[in-house]
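A.B. asks: Sequence:
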Amino acid sequence: MFSTVQDARQMAEGFRRNCYHVPPAEAPFYFRNSGKAVMIRLLHAAPHTDNLDVFVNGISVFQNVSYTDLSSYVRFPAGRIQIDVFRRGRAHGPLLTAQYHLIHGGYCTVAVTGTAAKLVPVGMYDQPAADPESRSIRCVHLSPDSPALDFAVQNGPVLFSGVPFQSVTPYIPVRSQKIDVELRAAGSTAVLLKAPRITLHAGESTTLYGLGFVNGSPALEIKAAAFPVKAPPS
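Numbering-wise (full-length UniProt numbering), the sequence shown opens with residue 1 and increments by one.
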């Protein structure tokens with residue numbers, strides 16, 4: 001039923017859907033002249049890859065990012081965005097360069113996946129749940145050596161079927177406050193991973209990132225990230 005998958009590689013032509021209002025915020029001084037903004041965060045999803053330094057439009061923004069780290073959002077002017085990914089401590093010879101055209105009001109996550117030999121970007125818009133009482137989930141396949149995956153309820157139905165590497169599913173609504181997810185090889189009953197129970201909060205959408213290797217270390221895992229992101233205690 002939920003077999004439609006949005007290929008994230010098409011995002012290179014620009015994030016065009018699932019915008020979410022960027023609230024007023026005090027931005028770094030070099031962004032204050034722009035009235036239209038996007039929020040960008042970075043996920044290091046490339047196993048066996050050094051810590052990363054990431055530049056956005058020539059500015060060092062994310063430093064010393066470790067595997068599985070998900071950064072906070074950073075505010076940027078809407079429009080053309082260039083992301084350059086370097087090994088930690090180096091500012092020349094980027095491992096990866098990606099360009100996007102981001103529209104005003106978007107909250108965007110860019111995942112760096114693949115392996116050290118070949119990094120690839122996967123871009124996606126982050127979207128809240130439909131209303132303060134509802135919950136939604138989506139899944140992202142970022143495991144370089146995994147086959148297409150079925151994201152399923154443990155010992156239960158498939159939520160998203162046949163998800164290829166580098167792909168982002170649509171959001172779907174869910175009623176449960178907690179969910180037990182497993183990853184299966186697409187179209188089979190072979191379970192590749194049983195993930196720990198994930199808590200889903202009202203008014204939030206949760207993205208489940210499939211990371212790591214099916215064969216080897218670091219092992220396959222699911223990283224869950226809720227949106228909107230709750231502010232830390234003051």
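Hints are computed from structural coordinates only; laboratory data are not their basis. C-beta atoms are modelled at their ideal positions from N, C-alpha and C, and glycine is treated no differently. Any given hint could be a false lead.
With a straight-line Cα cutoff of 27 angstroms, these simulated BS3-like cross-link-like pairs (lysine-lysine) come out [unchecked claim]:
no. : residue 1 : residue 2
1   : Lys-223   : Lys-194
2   : Lys-178   : Lys-223
3   : Lys-223   : Lys-118
4   : Lys-194   : Lys-178
Using C-beta positions, here's what the derived DEER-type ranges look like [as the list claims (entries may be wrong)]:
no. : residue 1 : residue 2 : range
5   : Ile-198   : Arg-75    : 41 to 47 angstroms
6   : Arg-75    : Glu-221   : 38 to 44 angstroms
7   : Val-153   : Gly-79    : 38 to 44 angstroms
A.B. asks: Are Val-153 and Gly-79 spaced within 38 to 44 angstroms by their CB atoms?
C.D. replies: Given about 41 angstroms between the Cβ atoms, the range holds.
A.B. asks: Checking one constraint from the list: CA of Lys-223 to CA of Lys-118, max 27 angstroms. Satisfied?
C.D. replies: Judged against 27 angstroms, a Cα distance of about 22 angstroms means the pair holds.
A.B. asks: Taking 27 angstroms as the top limit, are the C-alpha atoms of Lys-223 and Lys-194 close enough?
C.D. replies: 12 angstroms, holds
A.B. asks: State, for the Cβ atoms of Ile-198 and Arg-75, whether the hinted interval 41 to 47 angstroms holds or is violated.
C.D. replies: For Arg-75 against Ile-198, whose Cβ atoms are near 29 angstroms apart, the range 41 to 47 angstroms is violated.
A.B. asks: Hinted pair, alpha-carbon criterion (27 angstroms max): Lys-178, Lys-223. Please report holds or violated.
C.D. replies: 15 angstroms, holds
A.B. asks: Holds or violated: Lys-194 with Lys-178, Cα cutoff 27 angstroms?
C.D. replies: Roughly 14 angstroms separates the two Cα atoms, so the pair holds.
A.B. asks: Per the hint of 38 to 44 angstroms, is the separation of the Cβ atoms of Arg-75 and Glu-221 within bounds?
C.D. replies: 30 angstroms, violated
When held up to the earlier numbered hints, the structure conflicts with 5 and 6 and fits the remainder.
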